[in-house]
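Chains as they are written, first to last, in my numbering: chain A, 1 to 328; chain B, 1001 to 1236; chain C, 2001 to 2288.
The hints are simulated quantities; they were obtained by calculation from the structure and are not laboratory data.
Certain hints may be false.
Said to hold, decoys possible - Quick list of simulated restraints, FRET-style, between CB atoms:
{"hint": "1", "chain 1": "A", "residue 1": "109", "chain 2": "B", "residue 2": "1163", "range": "36 to 44 Å"}
{"hint": "2", "chain 1": "B", "residue 1": "1040", "chain 2": "C", "residue 2": "2122", "range": "56 to 64 Å"}
{"hint": "3", "chain 1": "B", "residue 1": "1016", "chain 2": "C", "residue 2": "2090", "range": "35 to 43 Å"}
{"hint": "4", "chain 1": "C", "residue 1": "2170", "chain 2": "A", "residue 2": "107", "range": "49 to 57 Å"}
{"hint": "5", "chain 1": "A", "residue 1": "190", "chain 2": "B", "residue 2": "1070", "range": "31 to 39 Å"}
{"hint": "6", "chain 1": "C", "residue 1": "2255", "chain 2": "A", "residue 2": "83", "range": "43 to 51 Å"}
{"hint": "7", "chain 1": "B", "residue 1": "1109", "chain 2": "A", "residue 2": "3", "range": "43 to 51 Å"}
Stated by the list, open to error - Stretches of chain A that chain B covers, calculated by requiring three or more beta carbons in the stretch to come under 8 Å of a beta carbon on chain B:
{"hint": "8", "stretch": "99-109"}
{"hint": "9", "stretch": "199-207"}
Ideal placement from N, C-alpha and C gives every residue a C-beta, glycine not left out.
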Amino acid sequence: MKTVIQIAVALAAALLGAWLLPRYLELFTLINATVFVSMGLLALSLGLIWGFGGILCFGQTAFFGIGGYTYAVAAINFGDTTLAVPLALLLSTAVAAALGYLMFFGRISDVYMGVITLTTTLILFKFANSTAGDEWNIGSAPLGGFNGIPGTPPLNFPFDPADQLAPDQVFVVAVICLGVCYALAKLILRTRFGRVAVAIKENELRAELLGYDVRLHKLGLFAFGGFLAGLAGVLFANCVFVSPTMFSLSYAGQVIIWVLVGGIGTLVGPVIGCMLIQALTTYAGTLSSIDPNLLLGVLFMLSVVAVPKGLLPTASNLLARLRGRGDA
Amino acid sequence: MSVLLATEGLQMRFGGVVAVDGVSLAINEGELRCLIGPNGAGKSTFFKCLTGQYKPTAGRIFWRGRDITSLDPFAIARLGVGIKTQVPSLFDGLTALEGICLCRHSSEAEARRRAMRALERLGIAALANRRVGLLAHGQRQLVELAMVVAPEPDLIILDEPTAGMSAEETSRAADLIRELNQQHAIVVVEHDMQFIRAIARTVTVFHQGRVLMEDSAATVFADPRVRDVYLGKAVA
Amino acid sequence: MDYAVVVALQIVSGVATLVIVSLGLAVVFGMMRVINLAHGEFLMLGGYTAILSYGHGINLWLSILLLPPIAVGLIGAVVERLLIRRLYGRMIDTMLATWGLSLAFIGGVTMLFGNSVTGISAPFGSFAVGRFHVAGYDLFLVAASVVMSLVIWVVLKFTPAGLIARGTMQNAEMAAALGVAPDRVYAMTFAAGAALSGLAGGLIAPVSGVLPTMGTAYIAKAFITVITGGAAMLTGTLVASGLLGTVSTVFTFLTTPVFGEVALLAVAILLLRLLPRGITGRFLRRAL
């Protein structure tokens, strides 16, 4: 019941935002907002696999970048984004599944998994960075090296390449995607598969002793996380251009920060954490008296020391204590 | 009576240490077997070989005649083996009922039915909606037992189930084991002599990784070698 | 023939660089299980110490070898006291806090010194090997890596301080029962690790541009090397550096520097897949 309410609220908020914000925000702000939304989806993907699956992936940006790059290359080559989107999602999910297979069936855990996933996104980053020059084309799409792929076509209406979406329409699509993906994640967590995945995070041995193949469950959840991140990448490609930065160490770290600040263990927390930090970073960038990195850095350190569980769990714990029941 | 679980020359070596050294035994359907022995005798290592947590370095394990030596723990569990670990492995963040409902089943309704039945059998139905992480140690042991019992396994293996229990809890646990034995074969790895005397029928004594003797409880406890082994005297 | 010598020297110097930049992290992670994401910035601060002191007329060798470890060691001691100490045992919180620290350092240094790249020209010039030239400083770095490793080994194995450190890492309660103050051991170990990172920064200042973000180029490689090395702090790092550094340099020779980097990363993944507990999780387990 609680889940149904949460999903309903999320979808309602998404629809409201999709309807309301384009009316009141300037175009520039709207495009920025779309970026925030795509980042929020990326945060959701990590929040799901980490908070509920116990999988700390340092390289969620790998699937984010693969989604973006595949979309851009496919859209340029096909001249139509209709098939580019599913292709991007397919590839990001497939790569996540392959990497997941490598790790989980090799019984690799925590720190070592972090290193492998970090390494993966770094490999992609270095590779993408080196693709400047004409020999690095896929079909008619230049990979562009560290400059990225110029002129990524925005989404068009299905099978109608002439009818491209305007930025405010892209925003609507993005917000709806975020809402739907949240709902999807919530629903999956309610299925037996999802509950077993959460149980695995609680106690892997016991889940195994109950007869569940732990490796398969982690793989499934991780692949779904790759799907979500890939979708975030597609949305990102629509409002910012596709470049190796999508794979970078800096972004990879930021995703983790968003989830940490928002709170591990909820789905909404990471999204909110992401929005907050994005807003803060943008604001910090406008300050001339203090370096934005310094400001953010000090803030993170303070938040770890003062609010160690992350913003949302701390807030919800306070609420729960007021209500008299420990829950998250 | 058919043989449920059998080992043949099971060996587990860690580097230079041979913890389990050629153990062959057989558990029959409906049997109640205790594995005893002093610390370091290899009981817990043997337990982990049975559950699939360790892959034995030599020897084989059979389930109803089928070789299961190389199976993962989840595959062994699916065969109908319920496993209760020494340190309770539980889902602290879930309620007792939620955790037990996760046992493999055909439908959600069936899962709930089995879960409630298990809780009632163990007398802890009142704990159904309590968060497991908040329960006392003895209660956690019982919840874990309920999780083990719910899928109605053919065999239950318990590793030191009375660890950390008071005398009263231990005696109640003994009653419980005897009662569970009416429907499941049980293998108990234990230390606590009182507990073993209360439940034991057939006892296998471990010593330095091997089986020292295997006989009825009365015979084993009367044997001077067993006493010597526990007191640390050298035994041939 | 001379080509082979040059390649061999390049490989050795590549391995040496990896050792140098990883040792500080190895001490902190290997001995304290603390993931210090600001390790790259300790390196950067060491580099800046070297540049600034040399720029103020201090002798080159003092600027590179003496001042960076002292300065960064002190900074490390302060960081440990104010930040790390509150977060022991909380690996994730430590990661977040040190990431914040890293950002703060980058931001602070940018504010103080700006974004431009400065440098020191490498001493020793170059000398000829057949048709090729080899930078003398590369050989110096090889020597430095050997000395650093030896000093760590000697300290850990033969000095009372090293024994206390190893004992505390293995069992802090027991050490406390024996009269050791674990807090002080942790503080000194973290400071030592920071000092090593600072020294690394000083050492590579002549061959790398010194700018506020220079640390980010090394943190990933150092992290990967240390983890791939496994539990044995010194041996693991050395072996992992040897393997990964060799692969990387060879591939750089065969293809491009980018593929050299990619090869290093790919080999690390392969190693971890085969040896999930790192190299010294399986081999040389009881080494230091």
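ask   = Lying within 56 to 64 Å: is that true of the beta-carbon distance residue 1040 (chain B) to residue 2122 (chain C)?
value = holds (60 Å)
task = Verify the coverage statement for the stretch 99-109 of chain A against chain B, using a C-beta to C-beta distance below 8 Å and requiring 3 or more qualifying residues.
result = It is violated: at least three residues are needed, and the stretch 99-109 of chain A offers just 0 whose Cβ sits closer than 8 Å to chain B.
key: residue 1109 (chain B) versus residue 3 (chain A) beta-carbon gap, inside 43 to 51 Å or not   = For residue 3 (chain A) against residue 1109 (chain B), whose Cβ atoms are near 19 Å apart, the range 43 to 51 Å is violated.
task = May I ask you to test the hint 35 to 43 Å on the CB atoms belonging to residue 1016 (chain B) and residue 2090 (chain C)?
result = holds (37 Å)
Range agreement (Cβ of residue 83 (chain A) with Cβ of residue 2255 (chain C), hint 43 to 51 Å) = violated (34 Å)
request  = Test coverage of the stretch 199-207 of chain A by chain B using CB-CB distances below 8 Å; three residues minimum.
outcome  = holds (count 6)
task = Take the C-beta atom of residue 190 (chain A) and the C-beta atom of residue 1070 (chain B), compute their distance, and say whether it sits inside 31 to 39 Å.
result = holds (35 Å)
ask   = Taking 49 to 57 Å as the hint, is the beta-carbon distance of residue 2170 (chain C) and residue 107 (chain A) inside that range?
value = violated (25 Å)
inquiry  = 36 to 44 Å was suggested as the range; check whether the CB atoms of residue 109 (chain A) and residue 1163 (chain B) agree with it.
reply    = Between residue 109 (chain A) and residue 1163 (chain B), where Cβ atoms are some 26 Å apart, the hint is violated.
Of the numbered hints stated above, those contradicted by the structure are hints 1, 4, 6, 7, 8, listed in ascending order.
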